[in-house]
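Number of protein chains: 2
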Amino acid sequence: MRLSEFFLPVLRETPNEAQIASHRFMLRAGMIRQSSAGIYSWLPLGYRVLKKIEAIVRDEQNRAGAHEVLMPTIQPAELWRESGRYDDYGKEMLRIKDRHGREMLYGPTNEEQITEIFRAAAKSYRDVPKLLYHIQWKFRDEVRPRFGIMRGREFLMKDCYSFDLDFESSKRAYNKMFVAYLKTFERMGLKAIPMAADTGPIGGDLSHEFIILADTGESEVFCHRDLMQMAVPQGVDYRADLQPIVDEWTSVYAAADEMHDPATCPVAEADLVSQRGIEVGHIFHFGSKYSKPMGLSVTGPDGVDTDVIMGSYGVGVSRLVGGIIEASHDDDGIIWPDSVAPFHVGIVNLKAGDADCDSMCADLEQKFRNAGLDVLVDDTGERAGAKFATMDLIGLPWQVVVGPRGLKDGQVEVKRRSEGERMALTPNAALDRVVSGTMLDPATTGLFPG
Amino acid sequence: MRLSEFFLPVLRETPNEAQIASHRFMLRAGMIRQSSAGIYSWLPLGYRVLKKIEAIVRDEQNRAGAHEVLMPTIQPAELWRESGRYDDYGKEMLRIKDRHGREMLYGPTNEEQITEIFRAAAKSYRDVPKLLYHIQWKFRDEVRPRFGIMRGREFLMKDCYSFDLDFESSKRAYNKMFVAYLKTFERMGLKAIPMAADTGPIGGDLSHEFIILADTGESEVFCHRDLMQMAVPQGVDYRADLQPIVDEWTSVYAAADEMHDPATCPVAEADLVSQRGIEVGHIFHFGSKYSKPMGLSVTGPDGVDTDVIMGSYGVGVSRLVGGIIEASHDDDGIIWPDSVAPFHVGIVNLKAGDADCDSMCADLEQKFRNAGLDVLVDDTGERAGAKFATMDLIGLPWQVVVGPRGLKDGQVEVKRRSEGERMALTPNAALDRVVSGTMLDPATTGLFPG
Numbered sequence: 006m007r008l009s010e011f012f013l014p015v016l017r018e019t020p021n022e023a024q025i026a027s028h029r030f031m032l033r034a035g036m037i038r039q040s041s042a043g044i045y046s047w048l049p050l051g052y053r054v055l056k057k058i059e060a061i062v063r064d065e066q067n068r069a070g071a072h073e074v075l076m077p078t079i080q081p082a083e084l085w086r087e088s089g090r091y092d093d094y095g096k097e098m099l100r101i102k103d104r105h106g107r108e109m110l111y112g113p114t115n116e117e118q119i120t121e122i123f124r125a126a127a128k129s130y131r132d133v134p135k136l137l138y139h140i141q142w143k144f145r146d147e148v149r150p151r152f153g154i155m156r157g158r159e160f161l162m163k164d165c166y167s168f169d170l171d172f173e174s175s176k177r178a179y180n181k182m183f184v185a186y187l188k189t190f191e192r193m194g195l196k197a198i199p200m201a202a203d204t205g206p207i208g209g210d211l212s213h214e215f216i217i218l219a220d221t222g223e224s225e226v227f228c229h230r231d232l233m234q235m236a237v238p239q240g241v242d243y244r245a246d247l248q249p250i251v252d253e254w255t256s257v258y259a260a261a262d263e264m265h266d267p268a269t270c271p272v273a274e275a276d277l278v279s280q281r282g283i284e285v286g287h288i289f290h291f292g293s294k295y296s297k298p299m300g301l302s303v304t305g306p307d308g309v310d311t312d313v314i315m316g317s318y319g320v321g322v323s324r325l326v327g328g329i330i331e332a333s334h335d336d337d338g339i340i341w342p343d344s345v346a347p348f349h350v351g352i353v354n355l356k357a358g359d360a361d362c363d364s365m366c367a368d369l370e371q372k373f374r375n376a377g378l379d380v381l382v383d384d385t386g387e388r389a390g391a392k393f394a395t396m397d398l399i400g401l402p403w404q405v406v407v408g409p410r411g412l413k414d415g416q417v418e419v420k421r422r423s424e425g426e427r428m429a430l431t432p433n434a435a436l437d438r439v440v441s442g443t444m445l446d447p448a449t450t451g452l453f454p455g
Numbered sequence: 006m007r008l009s010e011f012f013l014p015v016l017r018e019t020p021n022e023a024q025i026a027s028h029r030f031m032l033r034a035g036m037i038r039q040s041s042a043g044i045y046s047w048l049p050l051g052y053r054v055l056k057k058i059e060a061i062v063r064d065e066q067n068r069a070g071a072h073e074v075l076m077p078t079i080q081p082a083e084l085w086r087e088s089g090r091y092d093d094y095g096k097e098m099l100r101i102k103d104r105h106g107r108e109m110l111y112g113p114t115n116e117e118q119i120t121e122i123f124r125a126a127a128k129s130y131r132d133v134p135k136l137l138y139h140i141q142w143k144f145r146d147e148v149r150p151r152f153g154i155m156r157g158r159e160f161l162m163k164d165c166y167s168f169d170l171d172f173e174s175s176k177r178a179y180n181k182m183f184v185a186y187l188k189t190f191e192r193m194g195l196k197a198i199p200m201a202a203d204t205g206p207i208g209g210d211l212s213h214e215f216i217i218l219a220d221t222g223e224s225e226v227f228c229h230r231d232l233m234q235m236a237v238p239q240g241v242d243y244r245a246d247l248q249p250i251v252d253e254w255t256s257v258y259a260a261a262d263e264m265h266d267p268a269t270c271p272v273a274e275a276d277l278v279s280q281r282g283i284e285v286g287h288i289f290h291f292g293s294k295y296s297k298p299m300g301l302s303v304t305g306p307d308g309v310d311t312d313v314i315m316g317s318y319g320v321g322v323s324r325l326v327g328g329i330i331e332a333s334h335d336d337d338g339i340i341w342p343d344s345v346a347p348f349h350v351g352i353v354n355l356k357a358g359d360a361d362c363d364s365m366c367a368d369l370e371q372k373f374r375n376a377g378l379d380v381l382v383d384d385t386g387e388r389a390g391a392k393f394a395t396m397d398l399i400g401l402p403w404q405v406v407v408g409p410r411g412l413k414d415g416q417v418e419v420k421r422r423s424e425g426e427r428m429a430l431t432p433n434a435a436l437d438r439v440v441s442g443t444m445l446d447p448a449t450t451g452l453f454p455g
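In order, the protein sequences belong to chains D and G.
Here our numbering is used: position 338 in the first sequence is 343, and no number is missing along the way.
Here our numbering is used: position 402 in the second sequence is 407, and no number is missing along the way.
Hints were generated in silico from the structure; no laboratory data involved.
Just so we're clear, the structure is a prediction, and the values are computed from it rather than from any experiment.
Certain hints may be false.
Keeping only pairs whose Cα atoms sit at most 30 angstroms apart, straight-line, the calculated BS3-like set for lysine-lysine is [claimed, not checked]:
(1) 128/D x 356/G
(2) 102/D x 102/G
(3) 356/G x 356/D
(4) 96/D x 143/G
(5) 176/D x 297/D
Full structure from sequences and hints, please.
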């Protein structure tokens with residue numbers, strides 16, 4: 006991609022309204038633009054990150070055996086009356102009347118809707134177990150939207166729902182999602198910690214939040230320091246028994262603010278880590294909370310009807326864009342992990358229009374692309390300082406600087422954004438260094454050809 | 006994919022409310038489920054088709070040099086007051102008040118919003134030309150939603166917007182989209198005919214509709230019979246001059262109902278084709294209709310500010326699912342074109358549980374997948390007749406039937422859905438026949454791994 010053709014409206018000044026790093030950098034890097042309070046447009050750079058995060062979330066859901074559907078954003082009120090949540094939900098629910106005066110709402114979540122879908126289809130125990138998910142825009146009419154897309158009103162969420170015959174089977178679904186979440190966040194370069202959590206308005210009796218640690222986190226979290234070092238399992242077979250993995254992760258103390266009581270906390274003070282955290286996922290087992298009032302039952306092998314046992318499993322897809330930035334930035338801008346970087350490499354042409362510089366940039370661009378990397382070439386007429394500042398701001402993992410002076414010595418400069426230092430290398434060595442130093446994720450490679 | 010694990014709630018009976026083939030088959034094949042009038046959930050089979058269509062639309066937009074963004078569904082009313090359309094739009098616009106009483110709306114289209122985005126970013130002639138598009142859910146509160154997703158209220162649309170310094174440049178953008186549309190619809194196996202059209206509520210002075218022919222079409226269309234045979238250009242270079250292609254396609258008479266006047270029609274009656282058609286795309290050049298009232302101007306090379314010249318270009322992504330079915334089905338069900346088929350091959354295991362049948366199905370599945378094909382294996386305990394009926398209904402391009410009797414003779418049966426006849430072949434010959442007979446589209450291959 007050539008920057009001269011791309012749409013990257015970078016801001017030199019920091020916008021006043023942005024209180025936290027992710028909001029500030031997303032606005033400055035031209036990733037988003039506010040439409041109204043808590044509602045944003047995603048510009049090309051931000052869109053690429055959003056789509057890569059979505060692709061990783063989707064890939065891990067598919068691996069776990071979940072099937073993708075897509076429910077609409079606008080739901081009928083009567084669905085929520087069936088579960089009793091229409092009145093409970095309060096002002097965060099965006100309520101709408103259509104032209105015929107029918108009561109509708111912009112879905113803040115989809116338990117009722119998926120229960121209705123499954124109710125129409127499922128007849129017997131042969132129709133379960135099943136995991137269905139979708140990735141769709143939701144709306145919560147926050148009273149004070151803030152922190153950019155981190156606490157916006159219109160947001161993208163992955164929500165998965167499990168349908169099982171009994172608790173044992175339902176626990177297996179819960180475990181699949183528990184492990185899928187560990188892997189999902191790790192693939193984005195995040196350290197996410199599962200914590201016993203309150204079930205809140207979703208209801209239910211078993212729940213974990215997945216929290217990433219960052220100083221700007223919305224709440225205090227507490228855990229045993231051992232949890233910080235725990236390794237996410239590799240090569241998971243989702244058809245195998247995942248209970249040992251879940252046991253390992255839940256046997257060590259971790260709790261969000263509202264679940265932590267210093268008086269009863271079993272961890273010695275020296276071993277207790279207390280930090281700010283950002284919730285990026287939340288899983289719930291809620292049994293028959295929706296299936297019973299909404300009449301979702303199946304005939305068991307014994308011929309007796311039984312309420313379907315359910316759970317729901319959410320990931321804040323758009324929120325993760327901000328979460329990753331909060332966890333990975335410096336004063337100059339964002340530092341993207343390879344798997345979700347909008348481009349893996351930025352090539353800075355210090356003298357656009359110079360035949361040697363132009364052809365070296367084109368050559369490197371092609372070779373990087375052949376290796377599966379996404380490349381942005383700054384071929385604009387900006388001065389060098391501004392180009393470097395933009396590259397640092399937008400946070401591509403690698404920068405390759407091509408200038409006439411270096412080329413005379415047969416060299417280009419390579420900078421790893423996370424480390425900062427520039428090395429002079431031959432173009433081939435630069436290529437090698439960048440390609441071998443980039444961890445491509447299968448779900449995001451090739452997502453943006455050209 | 007194993008059918009025993011997939012979520013495919015097929016209906017044996019035809020739902021009463023479905024008046025046209027696409028609505029009927031989409032409900033029966035478990036592709037969609039109605040949520041409320043004109044609002045649908047996409048179940049896994051329908052979702053796969055929707056995503057494949059979206060992928061082709063996206064790929065051709067990218068090839069044409071358009072950049073993808075994503076604007077929110079909920080827009081502030083003040084944006085539409087700037088253009089003067091807030092009052093004009095009438096009851097089709099879903100109007101919403103948020104918890105603070107602010108007037109919002111669910112976007113039926115995005116001219117105002119993209120103009121605001123570009124206005125904030127563009128300063129000089131160097132910032133144009135630019136093509137920006139998004140693929141997002143829209144809402145039009147139809148007074149009588151019908152025909153399933155063909156005339157729904159919540160629908161998925163690709164809308165692209167062009168920004169240029171003058172008419173000449175803007176015409177180049179228009180031509181890119183004109184040609185991109187020819188190619189987009191052809192890649193889906195559709196014959197789409199561009200027709201001079203009324204500009205309607207978008208406004209402007211140059212407009213074409215892209216119409217596919219189907220008996221259930223919503224309007225009458227008229228064209229010279231030569232147009233039916235015209236070939237879509239292959240290997241288009243979008244940076245080249247596309248005017249000759251556009252001239253070729255627009256020099257032959259074609260007009261939608263409201264533009265056709267028998268009194269002035271230049272085509273002899275014998276050469277005039279009159280058929281029902283379905284609009285699947287619409288492109289508009291509207292100059293400064295939005296840029297002038299909204300103050301989107303750039304400084305020209307001469308230092309003088311000038312209104313940016315714009316156009317907009319829409320494709321009905323969700324509507325295309327229905328359009329393709331209307332254009333390609335028989336009494337038994339859907340007949341998917343290869344490029345958008347939810348799966349390319351359905352393998353029917355006539356005796357699930359039989360070791361030979363199971364292993365042959367698994368072997369074929371793996372080999373088809375290695376060749377890049379999407380495969381659905383019916384491994385359920387249903388009787389053969391029901392399995393065949395389901396395969397015909399869901400319309401996969403190829404069926405491969407594996408049964409114990411055939412296997413004894415070293416044979417399986419292959420059926421091309423569009424032709425109907427079954428051939429007995431060795432497994433290797435069947436593999437060969439199906440793989441070589443399938444036209445994979447680069448944008449949809451590998452979209453659904455596993």
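Would the pair residue 356/G and residue 356/D pass a check requiring their Cα atoms to be no farther apart than 30 angstroms? Judged against 30 angstroms, a Cα distance of about 69 angstroms means the pair is violated.
Measure nothing beyond the straight line between the CA atoms of residue 176/D and residue 297/D; if it is 30 angstroms or shorter, mark the hint as holding. Satisfied, since the Cα-Cα distance of roughly 19 angstroms is no more than 30 angstroms.
Does the structure keep residue 128/D and residue 356/G at a Cα separation of 30 angstroms or less? Holds, at roughly 23 angstroms.
Please work out if residue 102/D and residue 102/G have their alpha carbons no farther apart than 30 angstroms. The given pair, whose Cα atoms are some 10 angstroms apart, holds under the 30 angstroms limit.
Decide if the proposed pair is consistent with the structure: residue 96/D and residue 143/G, CA atoms, cutoff 30 angstroms inclusive. It holds: about 24 angstroms lies between the C-alpha atoms, which stays within 30 angstroms.
Of the numbered hints given earlier, the model fails hint 3 alone.
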